[in-house]
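Chains as they are written, first to last, in this note's numbering: chain V, 1 to 188; chain R, 189 to 376.
Be aware that one or more of the hints could be misleading.
Stretches of chain V that chain R covers, calculated by requiring three or more beta carbons in the stretch to come under 8 Å of a beta carbon on chain R [unchecked claim]:
no. : region
1   : 13-21
2   : 26-38
3   : 172-181
Honestly, the hints are just simulated from the structure, not real lab data.
Cβ coordinates follow ideal geometry from the N, Cα and C atoms, glycine included.
2 protein chains.
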Amino acid sequence: MEHGNPEADILDHREVYSGRIVDLHVDTIRQASGTETIREVVRHPGGVTAVPVLADGRILLIRQFRYPLGKFIFELPAGKLDSGQSPQDTVLRELEEEIGRAAGSLTHECTFYTSPGFCDESIHLFVARDLAPTGQRLEEGEHITVEPRTLAECLEMMETGEIEDAKTILGILWYRMKYAAPGDSNSG
Amino acid sequence: MEHGNPEADILDHREVYSGRIVDLHVDTIRQASGTETIREVVRHPGGVTAVPVLADGRILLIRQFRYPLGKFIFELPAGKLDSGQSPQDTVLRELEEEIGRAAGSLTHECTFYTSPGFCDESIHLFVARDLAPTGQRLEEGEHITVEPRTLAECLEMMETGEIEDAKTILGILWYRMKYAAPGDSNSG
Numbered sequence: 001m002e003h004g005n006p007e008a009d010i011l012d013h014r015e016v017y018s019g020r021i022v023d024l025h026v027d028t029i030r031q032a033s034g035t036e037t038i039r040e041v042v043r044h045p046g047g048v049t050a051v052p053v054l055a056d057g058r059i060l061l062i063r064q065f066r067y068p069l070g071k072f073i074f075e076l077p078a079g080k081l082d083s084g085q086s087p088q089d090t091v092l093r094e095l096e097e098e099i100g101r102a103a104g105s106l107t108h109e110c111t112f113y114t115s116p117g118f119c120d121e122s123i124h125l126f127v128a129r130d131l132a133p134t135g136q137r138l139e140e141g142e143h144i145t146v147e148p149r150t151l152a153e154c155l156e157m158m159e160t161g162e163i164e165d166a167k168t169i170l171g172i173l174w175y176r177m178k179y180a181a182p183g184d185s186n187s188g
Numbered sequence: 189m190e191h192g193n194p195e196a197d198i199l200d201h202r203e204v205y206s207g208r209i210v211d212l213h214v215d216t217i218r219q220a221s222g223t224e225t226i227r228e229v230v231r232h233p234g235g236v237t238a239v240p241v242l243a244d245g246r247i248l249l250i251r252q253f254r255y256p257l258g259k260f261i262f263e264l265p266a267g268k269l270d271s272g273q274s275p276q277d278t279v280l281r282e283l284e285e286e287i288g289r290a291a292g293s294l295t296h297e298c299t300f301y302t303s304p305g306f307c308d309e310s311i312h313l314f315v316a317r318d319l320a321p322t323g324q325r326l327e328e329g330e331h332i333t334v335e336p337r338t339l340a341e342c343l344e345m346m347e348t349g350e351i352e353d354a355k356t357i358l359g360i361l362w363y364r365m366k367y368a369a370p371g372d373s374n375s376g
């Protein structure tokens, strides 16, 4: 049923942009059918995100300004992978920086592609527990507030569109599936 | 607690690339702190996706080659918005093209940003039911097989990493939360 790579015949490879976060490559390929077409590919180093859960069950969301959207949105803490750093080390660092908590327990849940049609970015999802306060350490220019919410509040915010970030919706729903008691998980 | 746009002071705006699917803009901004920095923004028209549910409860996944990843992956049917077309019309068209089904019932569930750190892409999620066979109509160069799976099978594939696309994991977990009977929803 399945064949090999049907888009292996690269006629031209153009590195359009090499930047701080992303690179853009534009390839001309010949498809298995013989037709030539263009493939635009955004290269991204990948990243991590975590559902940080307090002892009382509340989840620590953050709210930050996102330039591409021109607005503040709710998200799970997250960050991009630096070369040579493990996903575990990266997520521990981001939790300290963004929500000011050292995580005593960390479980890797899954890894997913954010937009595989044009981008190779993948994100490792963790659940973080045993959170000890350390103090937020924001980078220059970061505007982040920490927003504790119960699971029921998070689900309500997803229904109303107040939470509208994919990794955040995915992470909360994953956490609900794997760890929430049935009584916690009513969405209304 | 919340202030206005802290990144409104654009010193330079460069349109690096304008393509078939994405545009790339690179802006130099002055942050509220006074520091200058770069913002790389991928502009995308946005898209739609759907969880297509058969009368017997199985979900119709697709399997297709994704050039940025260099491999075949499992996904929900999806497509990008063409200008002037509604999300509803777009998802109905994509369901006919990719899985060969006309949807008699369509509910909009939520809309999410795929990677708001560098990209403005948003995806409208639907659940599609009352699916009548019409015949797949693939575009030139598309390699898509239709893969029916039970919800339990989908959840297992997410746990093992066989499903690794964010919109697909999000869509299946959303469907499970809102529509699955408790007995359907054990993940193992």
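Status of the hints after comparison with the structure:
1. 13-21: holds (count 5)
2. 26-38: Answer holds; 9 residues pass the 8 Å Cβ test.
3. 172-181: holds (count 5)
Checked against the numbered hints listed earlier, the structure breaks none of them; every hint is satisfied.
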